[in-house]
Amino acid sequence: MFEVLFFALIVVAGTAGELCVSRAMKAIGEVHDFRPASLIKVLLRALRIKWMWIGVGLMTIGFFSLLAILSFDNVSFVVPVTALGYVAGALGGRFFLGEQVNWRRWAGILLVCAGVTLVVIGKG
Amino acid sequence: MIIAGPLGNLMLGKGMKSIGKITTKISSPGELVDVLARILSSGTIWLGIASLLTFFVAYMLVLSWADYSYVQPASAIAYGVVALLATLLLGEAVSPLRWAGIAVICVGVFVVGHTNPRTTENPRSCSKSSSLR
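One line per chain: the protein sequences are A and B, in this order.
For the first sequence, the numbering used here puts the final residue at 140, and the numbers step up evenly by one.
For the second sequence, the numbering used here puts the final residue at 134, and the numbers step up evenly by one.
Quick caveat, the hints were computed from the structure, so don't treat them as lab data.
Some clues are possibly wrong.
Said to hold, decoys possible - Below, simulated BS3-like cross-link-like pairs (lysine-lysine); rule was C-alpha separation at most 25 Å, straight line:
# : chain 1 : residue 1 : chain 2 : residue 2
1 : B       : K15       : A       : K139
2 : A       : K57       : B       : K18
3 : B       : K26       : B       : K15
4 : A       : K42       : A       : K57
5 : A       : K66       : A       : K42
6 : A       : K139      : B       : K26
7 : B       : K22       : A       : K66
Stated by the list, open to error - Some chain B residues well away from chain A (every beta-carbon gap over 12 Å; in silico):
#  : residue
8  : S29
9  : G31
10 : G44
11 : V83
12 : A84
Claimed, not checked - Beta-carbon label-pair distances, calculated as ranges:
#  : chain 1 : residue 1 : chain 2 : residue 2 : range
13 : A       : E19       : B       : S42       : 24 to 32 Å
14 : B       : A104      : A       : W119      : 16 to 24 Å
15 : A       : H48       : B       : S29       : 45 to 53 Å
16 : A       : L60       : B       : F111      : 33 to 41 Å
17 : B       : S42       : A       : W119      : 45 to 53 Å
18 : B       : S42       : A       : L59       : 23 to 31 Å
19 : A       : G45       : B       : I3        : 20 to 28 Å
Only a predicted model underlies this, so the values are computations on that prediction, with no experimental measurement involved.
Built from N, CA and C at the ideal position, the CB exists for glycine as well.
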């Protein structure tokens, strides 16, 4: 019961958080300069974007759910199952960020889902 | 990005296992604070967090130019690394079916990895810049 709840939080809050962070970083634009001083500037600009804060908040919820689950399930089980975020990620990328997801990417995402199913079946 | 992520998850797993199953431990707000304090005073967990932060910074830099629905699946090769390190370092038992599942996930990653990393930009300007190179 708790397992399902925590996995749902990891997948939904974690993925939604990453989408928000991606939206914020796209607003900043491509990072070309990797010197420490300019990276700090990028970071400070990122912190001024509302989506960055929403994203980090959601990812925090996802992170503590991950910690909770890791207290009673094995890493090699928990981490593959969190790959369920791929469906949410593709849907979110498509409808929230306006990215085009072609059939080939959908096929890859479906394979990832099939793999997760096998991991769950193989738990026993 | 591919090494730091799995290593971080592994250390979190190790740290949380030493704290014990939290759902049976927390039945009052006081106990929640107690467990949180123990999580935040664990060295293994902080090492894991540091490792995941390294991963997160690399991830954000990549997200500034590539599509999210491309980056997320492409980073999934880490799932194979996690299982491998979990058996080697934490001694976790991974059943053949679980290995098969992880292998299928990696095939999915391979398929996704062969798509264009950027779709929201004008395709004409993309081909122009690549011909300039």
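Results for each hint:
1. Between K15/B and K139/A the alpha-carbon distance is near 19 Å, which keeps this suggested pair within the 25 Å criterion.
2. This hinted pair does not check out: K57/A and K18/B have alpha carbons roughly 38 Å apart, beyond 25 Å.
3. Among the hinted pairs, K26/B with K15/B is consistent with the structure: their alpha-carbon atoms are about 18 Å apart, no more than 25 Å.
4. At roughly 15 Å between alpha-carbon atoms, K42/A and K57/A fall within 25 Å of each other, so this suggested pair holds.
5. Annotation: proposed proximity of K66/A to K42/A holds, straight-line Cα distance about 13 Å (limit 25 Å).
6. Restraint check for K139/A and K26/B: the C-alpha separation of about 24 Å stays at or below 25 Å, so the hint holds.
7. Between K22/B and K66/A the alpha-carbon distance is near 36 Å, which puts this suggested pair outside the 25 Å criterion.
8. Residue placement check: S29/B keeps its beta carbon more than 12 Å from all beta carbons of chain A (closest about 16 Å).
9. Its beta-carbon lying about 18 Å from the closest one in chain A, G31/B satisfies the requirement of being farther than 12 Å from that chain.
10. Every CB of chain A lies more than 12 Å from the CB of G44/B, the least distance being 15 Å, so the non-interface label holds.
11. At the 12 Å boundary, the C-beta of V83/B falls inside the reach of chain A, the nearest C-beta of that chain being 4 Å off.
12. For A84/B, the shortest C-beta to C-beta distance to chain A comes to about 4 Å, within the 12 Å cut-off, and the non-interface label is violated.
13. In this structure, E19/A and S42/B meet the distance hint of 24 to 32 Å, their C-beta atoms being roughly 26 Å apart.
14. Checked against the hint of 16 to 24 Å, the pair A104/B and W119/A passes, with Cβ atoms roughly 22 Å apart.
15. The hinted window of 45 to 53 Å between H48/A and S29/B holds, with their beta carbons roughly 52 Å apart.
16. L60/A and F111/B have their C-beta atoms about 38 Å apart, which keeps the hinted 33 to 41 Å range intact.
17. The hinted window of 45 to 53 Å between S42/B and W119/A holds, with their beta carbons roughly 49 Å apart.
18. In this structure the hint that S42/B and L59/A lie 23 to 31 Å apart at CB holds, the actual value being about 27 Å.
19. For the pair G45/A and I3/B, the beta carbons lie near 25 Å from each other, so the given range of 20 to 28 Å is met.
Checked against the numbered hints above, the structure breaks hints 2, 7, 11 and 12 and satisfies the rest.
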